Amino acid sequence: MLEKLDEIEKKALELLAMVEDEASLEAWRIANIGRSSAVMNVFSQMGGLSKEERPLVGQKANQVKTALEKAFAERVETIKTAALAKSLANEKLDITLPGRPVRRGGLHPATIVLRRMLGILAEMGFQVYTSRDVETDEMNFQALNFPPHHPAREMQDSLYIDAGERGDNPVLLRTHTSPGQIRAMREFSAENPENPPSIRIALPGMCYRYEQITARSEVQFYQIEGLAVGENITYGDLKGTLADFARRMFGLNAKVRFRASYFPFTEPSAEMDVECFVCGGKGCPVCKNSGWLEILGSGMVHPVVLQNGGYDPRRFTGFAFGMGPQRQTMLLHRMNDIRYFWGNDVRFLNQF
Amino acid sequence: MRVPVSWLQDFVDIKLPIEEMARLLTVSGLEVDEIHYVGWEMPKENKYGFKINGLSWDKEKIVVAEIREVGAHPNADRLTLCDLYDGKQQHTVLTGAPNLYPFKGQGKLAKPLKVAYAKEGSTLYDGHADGLVLATLKRTKIRGIESYSMVCSEKELGISLEHEGVIILDDDAPVGMALADYIGDVVLEINILPNNARNANILGIAREVAALTGQPLKKPVYELKESGEPIKGKVSIEIRDPQLNPRFTVGLIRDVEIKESPYWAQRRLRLAGMRPISNIVDATNYTMIEIGEPLHAFDFDILQQRAGCKPIKIITRAAGQGEKLVTLDNNERTLSPTNVLVCDEKGALSMAGVMGGLESEIHDNTKAGPESSRTQSTTNILLEGAAWNFINIRRTANSHNLHSEAAYRFSRGVHPGLTVEGIRRCLYWMQAWSGGKVAPGLVDEYPLPAIDPLVEITEQDIKRSLGINIPANEVAELLERLEFKCTVRGKTILVQTPPFRTDIGEGLVGVADIMEEVSRLYGLDRIPETRMADPLPPQSGNLSLEREERVRDILVELGLQEVITYRMSSPENESRLLPKSAPGPELDYVRLANPIAPEKRVMRRSLLASVLNVIEHNARLAETLAMFEVGPVFLPQAADLPLEPRHLAIALSGRCYGQTWDTKLTQKLDFFDLKGVIEGLMAALHLAVSYEPADHPTFHPGKCAAVVLGNKTLGYFGELHPQVQANYDFNAPVIAADFDLEIMFAGMKDAFDVKPVGEFPPVLEDIAVIVDESVPAERVEALIRQTGGKLLASVKLFDVFRSEQIGVGKKSLAYALVYQSLEGTLTDKEATQIRGRIIQRLDREIGAKLRSQA
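As you go down the protein sequences, you meet chains X and E in turn. Numbering (numbering that gives the first Met the number 0) for the first sequence: 0 to 351. Numbering (numbering that gives the first Met the number 0) for the second sequence: 0 to 853.
This is chain X alone, in the form it adopts within the complex (with noise of 0.2 Å):
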């Protein structure tokens, strides 16, 4: 009996390693350890044995019963890996093939680059003050120490509004938004004419001039302006802020110098060169081989200015600076075409 139990389980395990398939495995079951194989009729014919002998089987069939089981549960594991893998092998996709579309939004350009900018100044204490885009002459120009006929207004060509005879104040498209300078001063001095208080803004917008569409002239362009008013303004403070500033926008080992300029609304007067972020200053097309990117215009806050927006020039004093977003949009991604921003052609906005 036992020599047969030998045989029955030399013979199942030599079955069981030619069972592939999880079918196969199955009919090995019921053949080999199911409740009428071999080895379970072994227990059936337990009654037949002798006393003596019906241990030493019975003991030698439970282990063969064991060893059938676990060898099943290998097998079982070996075909499924096998299948799986085999499986994992069938369902491999081209990667390579292009992802479904997802209607993707986005900011426009100059929106992106104006909350850039205004963001930065954000963290330096300025806040944002927003005006009109039409505007009187008066505050475009006049509050702002270009008096009518002055020849620095030939510097800002201007789109006029039809708006009747109103002699030395047309009405106009604001060239800058400097009048929003005057707006906030006036609006904030009104608050307490005999103690008004300091003002840290950034003045973005739209400005308009009578200029053709060309690739390096726009009608319409945005400006961000920036004005420090207080007790102890000083020229130094204009030079550290507006470094600070260009080392936020272009990088923090951004140099930057400042050259005397003349705008009727402050005085002294600075433009601010960036050293040039394509090449590093060794010259090349994008700073036209100077080494340096025009900025922004700068200055200390002309007294008449100051006075115009309700604030005592003896006691108080102010810088203020202005820029064109777009143009730093243009220096940044190589754009040679100004056009662009307001074309809104999808090859370009995509890009941003």
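These are computed hints drawn from the structure, not numbers from a lab. Keep in mind it's a predicted model, so treat the numbers as computed, not measured. Note that CB positions come from ideal geometry on N, CA and C, so glycine has one too. Do not take every clue at face value.
In silico lysine-lysine, PhoX-like type, Cα no more than 25 Å apart, as pairs [stated by the list, open to error]:
{"no.": "1", "chain 1": "E", "residue 1": "K140", "chain 2": "E", "residue 2": "K103"}
{"no.": "2", "chain 1": "E", "residue 1": "K46", "chain 2": "X", "residue 2": "K287"}
{"no.": "3", "chain 1": "X", "residue 1": "K254", "chain 2": "E", "residue 2": "K60"}
{"no.": "4", "chain 1": "E", "residue 1": "K218", "chain 2": "X", "residue 2": "K254"}
{"no.": "5", "chain 1": "E", "residue 1": "K663", "chain 2": "X", "residue 2": "K91"}
{"no.": "6", "chain 1": "X", "residue 1": "K281", "chain 2": "E", "residue 2": "K50"}
{"no.": "7", "chain 1": "E", "residue 1": "K140", "chain 2": "E", "residue 2": "K46"}
{"no.": "8", "chain 1": "E", "residue 1": "K663", "chain 2": "X", "residue 2": "K287"}
{"no.": "9", "chain 1": "X", "residue 1": "K281", "chain 2": "E", "residue 2": "K43"}
{"no.": "10", "chain 1": "E", "residue 1": "K50", "chain 2": "X", "residue 2": "K287"}
{"no.": "11", "chain 1": "X", "residue 1": "K281", "chain 2": "E", "residue 2": "K46"}
Output of the computed footprint for chain E on chain X, the stretches with three or more beta carbons under 8 Å from beta carbons of chain E [as the list claims (entries may be wrong)]:
{"no.": "12", "region": "123-131"}
{"no.": "13", "region": "145-156"}
{"no.": "14", "region": "332-346"}
Following the hints, complete the assembly by docking chain E onto the known chain X.
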């Protein structure tokens, strides 16, 4: 302004490299745009990144030479063979220069002609090429005669584009000297800002260079030899309005021979951008460029003729309305009282400060002119130097489009103090170049003397503005370099403005003006960077802008692309928003008085019109277009500046899904895609709006909704009316929206409450009800919500179904309901009760039947 450096050297020694000087000028406010070499050696490296161009003349190869004889070419009439000596050797040089023909066949010239001679291998501009093309002079044969060198024209040397003849140098030109050493130069192109008009002359730039480099300024020193009868008594001046004409000065020079100016003066004028005309005109231009006083020369004999036997009386006055004058460009000009005239008793002579009149212009009596009856060979000249109100000059120059160099300067302000020096200097040059005799004295009428402000500035003023301490003595020293007269009293400096500047104000303005000069001369780069020590101002933020930006962010999250368009438009463009059959009333626009183009002649009233233009532009460039813009529209008001409310416009068009490789879904964006976007926006803004069927001329009458908040309409959206769609070149139906953001923001609350999400399990259930077609889905949902109350956590419409089985004119609406209590687990019985109430209510109010019962 073009500044030849050789000319600058008349007044200041330049010890720095040219580029270093240009850098100093640039950082101190005189921006050098370009450095143009005309002969001098160009720098090896461009250290400061200036735009540098031009030509250097090889000192060995290009020299001063003399032509001793001009002979004929044996095989060509138009060519000459010159016998030339270059200081070392004799050469035979072939030329085609017409200005040498007159000397042909004269044998050995009594007075040799001094010329610019280029030897073989010289690099020059090709005189025959269009524009400036470099070429190297090579040995060649022309009509059988060997040629290896040439006599140069101005174009070949890069002095000007003149190639009509060769340069004939002044008689004292030293033969054999390198031409670069004799007339080499470099020209700085300087951008003169409006406050720097005083420096639009060589002396002014020299003063700046002297101040910046610490060199002394060498003002012109010369002696004016006077002879003959004094001018006094010959001419009188009447100034009718000193505000228009604060000063008028005249001088007289007699027996002037009109001819060419010396070559050196012509060359300087050309390099400065002026065309040489004759010695007399050139002298006025030369003096203007040199010291900044524009001058005008009258033919004294013609003025005398006009005056008859009496002395000449010059009158300056505003022109009469419609008064006429023929200017020297032979145009009859019709004038207005803005224009100022120089007249005599018979009438107008010239447009003051802008352009002379034809009649009194200088006539060359040696040539047969209009006054051919006159026989004398010389001319007498009355020279005017005046000061004018810059506003009138500006308006005159602009209205007559006459932008002369004189008008350029007068329209920016020329100090009245310059007239006498201007006239004397010009008479000096006229005398030197024409052999005339200067009459003693000047006639000078100066009814409105200029006030040159005295400004008091303290060390504290400088500290307060610039943030640095500069001792008073140092401040005075800086300012004196620019000819301010300073008196230091302790820490205070009394600064007297010099009598050639019109840009220094009085009082506080004067302090700021002086501060600018101090900062420039001290050096902006020397002022240390500091951070503001002033306390931060009160914080008020900009809520309105924050909301606008939030709208942008939400729409981008919803997959839309922001666009920004021109805020200028045309009524025609905006009228495309209406069907042609129903054009609507004419709208009042904010109109531009001087638009750049007809299609940009008004400020837009509709943001949607702008966005639809973008959709039209991109119609064939993308399969899916989903765009929005946030920006103002402009609504005119009778007595005030226009309103500028911000709007939001959205437009969708094209396919819902971009074309892809594994699906053929070609569904087009429609009304409900846009409604989804709007619902998303309203949900994110926490605005509980309702959607009402609406009639709007832009939209399809059956596919248009108003978005309503309380009793306010925020805007409209829908599919474009087919007749509006037809006004555009779109590629697919367009669904669009237009909202007034001011109304939307006014209805917004800043705070909203978060509802608890609930911890007890929800009961999920679907119900389908059949209602009449006319019952809006929103009504059904509202009834379900009202009835379900707090226990109904969510309602979602998931199916709309129509069939004959459920009946014509009916529809089935299927809703997924979620019941949930915050207090405990709902039992089936509770859920069934709510469901029962909902079904009863729907039946009672709108006759809805459960689909399973129908």
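Cross-check of the supplied hints:
1. The hinted pair formed by K140 of chain E and K103 of chain E meets the criterion: a straight-line CA distance of about 21 Å does not exceed 25 Å.
2. For the proposed pair K46 of chain E and K287 of chain X, the alpha carbon gap of about 14 Å is at most 25 Å, so the pair holds.
3. Of the supplied pair hints, the one linking K254 of chain X and K60 of chain E is violated, its CA atoms being roughly 44 Å apart against a limit of 25 Å.
4. In summary, the hint linking K218 of chain E to K254 of chain X is not supported, as the alpha carbons are separated by about 39 Å, beyond the 25 Å threshold.
5. For the hint linking K663 of chain E to K91 of chain X, the alpha-carbon distance of about 23 Å falls within 25 Å, and the restraint holds.
6. For the hint pairing K281 of chain X with K50 of chain E, the CA-to-CA distance comes to about 14 Å; that is within 25 Å, so the pair holds.
7. Taking the CA atoms of K140 of chain E and K46 of chain E, the gap is near 43 Å; set against the 25 Å cutoff, the hint is violated.
8. A threshold of 25 Å between alpha carbons decides the hint, and for K663 of chain E with K287 of chain X the separation of about 51 Å lies outside it, so the pair is violated.
9. In summary, the hint linking K281 of chain X to K43 of chain E is supported, as the alpha carbons are separated by about 15 Å, within the 25 Å threshold.
10. In summary, the hint linking K50 of chain E to K287 of chain X is supported, as the alpha carbons are separated by about 8 Å, within the 25 Å threshold.
11. Taking the CA atoms of K281 of chain X and K46 of chain E, the gap is about 9 Å. The hint holds against a cut of 25 Å.
12. Look at the region 123-131 of chain X against chain E: 6 of its residues bring a Cβ nearer than 8 Å to a Cβ of that chain, three or more, so the hint holds.
13. Look at the region 145-156 of chain X against chain E: 7 of its residues bring a Cβ nearer than 8 Å to a Cβ of that chain, three or more, so the hint holds.
14. Judged by the Cβ-Cβ criterion of 8 Å, the region 332-346 of chain X is covered by chain E as claimed, because 7 of its residues qualify and three suffice.
Going down the numbered hints, you'll see the structure goes against 3, 4, 7 and 8, while the others check out.
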